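Chemist: Here the protein sequences line up with chains A and B, keeping their order.
Each number in the working numbering corresponds to the 1-based position in the first sequence with 21 added.
Each number in the working numbering corresponds to the 1-based position in the second sequence with 2 added.
Worth double-checking, as some hints may not be accurate.
Said to hold, decoys possible - To be clear about the criterion: a stretch of chain B counts as covered by chain A if any three or more of its residues have a C-beta under 8 angstroms from a C-beta of chain A, and this derived list gives those stretches:
| no. | segment |
| --- | --- |
| 1 | 84-90 |
| 2 | 315-326 |
Unchecked claim - Covered stretches of chain A (in silico footprint by chain B; criterion: 3 or more residues with CB under 8 angstroms from a CB of chain B, positions within the stretch not fixed):
| no. | segment |
| --- | --- |
| 3 | 215-226 |
| 4 | 255-264 |
Said to hold, decoys possible - Over the 12 angstroms line for every Cβ pair with chain B, so calculated as not near, a few chain A residues:
| no. | residue |
| --- | --- |
| 5 | G240 |
| 6 | A324 |
| 7 | D328 |
| 8 | Q375 |
| 9 | G383 |
If you're looking for bench data, these hints aren't it; they were derived computationally from the structure.
Note that this is a predicted model, so its numbers are computed, not measured.
Cβ coordinates follow ideal geometry from the N, Cα and C atoms, glycine included.
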Amino acid sequence: MKRRGFLQAVALPCAAACAASSDARFTIEARFYEKLPYKKIKCKLCPRECVIDDRERGYCGVRENRGGTYYSLVYARVCAAHPDPIEKKPLFHFLPGSMAFSVATAGCNVNCKFCQNWDISQVRPEQVASNFLPPKDLAALTRQYQCLSIAYTYSEPVVFCEYVLDAAAAGREAGLKSVVISGGHIQQEPLKKLCGRVDAIKIDLKAFSEKYYKEVVNGELKPVLNALATIRKLGTWTEVVYLVVPTLNDSDEEFRGLARWILSELGRDVPLHFSRFHPEYLLKDLPPTPLPTLERAKAICDAEGLDYVYIGNVAPGHPAENTRCPKCRRVVVERAGFTIRALALDGGKCRFCQHAIPGIWGRI
Amino acid sequence: MRIGPQYGITRRGLLEAGLAGALGAKAATPEKSRVVIARDPGLGAGRSPDSGRVLKLLDRAMQSFYGLDSPLDAWKKLARPGEVVGLKVNCLSGRGASTNPVLVEAICERLRQIGIPAKDIVIWDRLDSDLESAGYRVSSRKDRIRAIGNDTAGYGNELAVYGSAGSLVANTLVRTCDAVINLPVLKDHGIVGVTLALKNLFGAIHNPNKYHINAGDPYVADVNMFPAIRQKVRLTICDALTAQYEGGPSYMPQWSWPYNGLMVGRDPVALDYTGWQILERKRAEKGMKPLRELRREPLYISTAADARHRLGTNDPNRIDVVEV
């Protein structure tokens, strides 16, 4: 199924799921904001800190000031739901071969010119068909689909943070893990709350330059780097994805700078995925990333000393999809696209040399 | 001297003739952008001005803008029977600082008198609830004047893209209307400085929340480059009956004042520049800092005038402000 062809509206086989006819059930008071004079508010969820007048919304389009109280309009307002391989997220060191029940609401707090899912991320909640899927129902549905985890993904989970927090708690009670797929544009307080509730956070690091973040992402790099450092410090499993866009963020210097920063601030064992760009949304005048560019990026980061550098969004079977033990160099997880072909791990250790491979491992 | 088309002389024609004579054989000077400001000091403050006086004020503004003696002749310059005319109101701020229904009623009256039937007039803005809160009765019945929000009418499927902006555009603009009259309010905006003709068209796109960053620059200008907006918006009539110089776009009565006027222009950049200066003068009069010092100077106005956009002029020497 195409990423854009998500299961929507009537397709959810959930008793609680029904057409979104009323806003009230999706609306809860936001948890991270500050009240200001004249019924204004300041959002404290992401680094933008939008100051919002009465009856207006923030940059994300899913939070609204109503008479001086700030509301999330996307609580349990699921516009996309689908069981996905965890490798699709991609998370390569997290329950390999398992399925993640993946959900999204409308909205995003950046506006990447290359967004593949702009038709849900760059719209307001009332502009897309949605279902009401409260946390316990989401957990039940996840179990029903025999998924081991709930993935908050496709758009930007930061903007539906309240739902993520509650659904992750409901999931944990049901024996499920939760993973967040995010751009990492979030303030420290809500991030710390998320880290306490979810099991992994994959961060889309869009580039390693403020210029790119300003011009292509409409965001900032520094808060994302701070978020990564915090996630790592708090011990939540994290992997980093870097979408390589031809001519815009594909220089040797940028790859090297990225590798050195990860090495010094996060550690050599944080997986880094270089992903292939496809022209979409507002960036249609560039070609897809040539494979040699991705291989060059990997070679640079390997040489800098990172242990787990992958290539993604390419034809299945590329050797850089595999996980190699950094000690004995043998393949411990062999992949072809989203499929696990072979697993040579015992209790999270290389079967050949017993070297510990970091991650959250489980049976296929 | 009598000025009017029936005498074969219009104000514009007179101006052009005078200029041509003065310049002789030299290259033609670019035509100035006309912004008409009509005021009626006796109109009185509040949201319920006398409808007859508002109609007269509107007539005065339209006649002056088109250089015609008859109000209906002026309106005939704008639209013709068979066309569907959209009235893009600004209703975010409830009854306090939204486009006044009394003004819209006057416009509808004149449109009907030139042969535009009620069914071909559409009052529109982003949300049904915004229209309702500003005093418009939402209706999509096609046998009467319609008032409809984009949330009901929907957005087109094709992404309009220009510069840094990419948006879906309201069906009412793209599909329903042949012509649009832009009806902003003269007021301050807490993020982008002022919200007038250019900014009011944010109400035509699905994602205005994305384009307030950097005080709306260059986004406001970019959005106004979308073909549907460029091709269909024929005139701006800015509601300056009550204006607001601080605290917008929400209604803040402490920073509002009865300007008792209307601003009419075809060049949205010239109109915005003129309106911005009015608000700055009022701010100065009240001892408030200029918008530049508050980092919300509406630079998008000059961007709209630059070589990439050419949506109009922000050069005061090329704006002909006519006060009537």
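Chemist: Against which earlier hints does the structure fall short, listed by number upward?
Modeler: Result: hints 1, 2, 3, 4 and 5 break, sorted rising.
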